[in-house]
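Asks: Sequence lines, in order, name chains A and B. Just so you know, this note's numbering puts the end of the first sequence at 113, numbered straight through with nothing missing. Just so you know, this note's numbering puts the end of the second sequence at 228, numbered straight through with nothing missing.
Since the hints were made in silico from the structure, they are not lab data. Incorrect hints may appear among the rest.
Mimicking DSS-like on lysine-lysine, the simulated pairs with C-alpha atoms at most 25 Å apart in a straight line are [claimed, not checked]:
id, chain 1, residue 1, chain 2, residue 2
1, B, 153, A, 78
2, A, 73, B, 122
3, B, 166, A, 100
4, B, 122, A, 112
5, B, 122, B, 149
6, A, 112, B, 135
7, A, 55, B, 153
8, B, 149, B, 166
9, B, 135, A, 100
10, B, 166, A, 112
11, B, 151, B, 122
12, A, 100, B, 151
13, A, 78, B, 122
14, B, 131, A, 100
Chain A is nowhere near these chain B residues, computed Cβ spacing over 10 Å in every case [claimed, not checked]:
id, residue
15, 128
16, 183
17, 197
18, 210
Every residue gets a Cβ at the ideal spot worked out from N, C-alpha and C, and that includes glycine.
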Amino acid sequence: AQTVTQSQPEMSVQEAETVTLSCTYDTSESDYYLFWYKQPPSRQMILVIRQEAYKQQNATENRFSVNFQKAAKSFSLKISDSQLGDAAMYFCAYRGYGNKLVFGAGTILRVKS
Amino acid sequence: DTEVTQTPKHLVMGMTNKKSLKCEQHMGHRAMYWYKQKAKKPPELMFVYSYEKLSINESVPSRFSPECPNSSLLNLHLHALQPEDSALYLCASSQEESSYNSPLHFGNGTRLTVT
């Protein structure tokens with residue numbers, strides 16, 4: 001079975017600084033998708049960014065980018081120019097042939113002004 | 114604005130009550146999901162509907178009864194719940210259950226409290 005590990009329960013970043021959230025996963029599948037979801041206090045799970053395993057180029061969405069290392073099974077999220085609105089719980093998630101979305105335990109990100 | 118709408122936002126119910134949670138999407142998605150989420154934990158999958166048919170039931174107790182009246186609507190009927198069922202219930206949809214490249218779109222959830 002696939003597993004997703006987020007080893008940082010909480011992280012803090014100063015406004016306008018850069019922060020990286022870690023995620024590792026375990027799978028024997030060759031093709032799959034990886035996602036980062038953000039859940040602010042408003043509760044809605046918002047898709048931040050996604051990466052297909054077959055694509056070597058790291059995905060980027062504005063201030064959000066990933067460092068995808070397929071061999072190491074690592075999928076970290078970098079947030080540049082952090083803003084107060086980035087404060088949320090961030091979940092790394094995996095979806096492969098089994099189709100179920102497997103979540104990591106989550107990382108709480110606090111942004112200090 | 115969320116494209117998946119859940120009602121109500123908050124629900125308080127006694128252990129003998131019967132209530133329903135509702136979820137609606139108009140993105141043409143053919144897969145819909147119910148998740149249960151405890152505070153500061155990841156969502157846990159409960160049910161998946163694909164083309165209006167129940168595809169996955171993650172061994173959920175029968176006091177939770179899902180229903181998919183049409184491709185846009187998903188209900189979760191609640192009866193004789195326990196206090197430990199208090200949680201955030203999230204609805205989600207995706208284009209197809211079998212398309213693992215299509216992300217799930219989530220609603221804002223219903224905060225359920227069982228007294």
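Asks: Hints first: check each against the structure and report whether it holds.
Replies: Here is what the structure says about each hint:
This hinted pair checks out: residue 153(B) and residue 78(A) have alpha carbons roughly 21 Å apart, not beyond 25 Å. For the proposed pair residue 73(A) and residue 122(B), the alpha carbon gap of about 38 Å is over 25 Å, so the pair is violated. With a CA separation close to 16 Å, the supplied pair residue 166(B) and residue 100(A) stays within the 25 Å bound. A C-alpha spacing of about 29 Å is found between residue 122(B) and residue 112(A), which places the hinted pair above 25 Å, so the restraint is violated.
With a C-alpha separation of about 14 Å, the suggested pair residue 122(B) and residue 149(B) falls inside the 25 Å cut-off, and the hint holds. As the CA atoms of residue 112(A) and residue 135(B) are separated by approximately 37 Å, the hinted pair breaks the 25 Å bound. A hinted pair counts as satisfied when its Cα atoms are at most 25 Å apart, and residue 55(A) with residue 153(B) does not qualify at roughly 32 Å. For the given pair, residue 149(B) sits about 20 Å from residue 166(B) by alpha-carbon distance, which is consistent with the 25 Å threshold.
A threshold of 25 Å between alpha carbons decides the hint, and for residue 135(B) with residue 100(A) the separation of about 22 Å falls inside it, so the pair holds. This hinted pair does not check out: residue 166(B) and residue 112(A) have alpha carbons roughly 47 Å apart, beyond 25 Å. For the suggested pair residue 151(B) and residue 122(B), the alpha carbons sit about 16 Å apart, so the restraint of at most 25 Å is met. This hinted pair checks out: residue 100(A) and residue 151(B) have alpha carbons roughly 19 Å apart, not beyond 25 Å.
Distance check on the hinted pair: residue 78(A) and residue 122(B) sit about 32 Å apart at the alpha-carbon level, beyond 25 Å; violated. Our distance criterion of 25 Å between C-alpha atoms is broken by residue 131(B) and residue 100(A), whose separation comes to about 29 Å. Listed as a non-interface residue, residue 128(B) keeps its Cβ farther than 10 Å from every Cβ of chain A; the least gap is roughly 24 Å. No beta-carbon of chain A comes within 10 Å of the beta-carbon of residue 183(B); the shortest separation is about 22 Å.
With 10 Å as the threshold on Cβ separation, the claim that residue 197(B) sits away from chain A holds: the shortest Cβ distance comes to roughly 20 Å. At the 10 Å boundary, the C-beta of residue 210(B) falls inside the reach of chain A, the nearest C-beta of that chain being 6 Å off.
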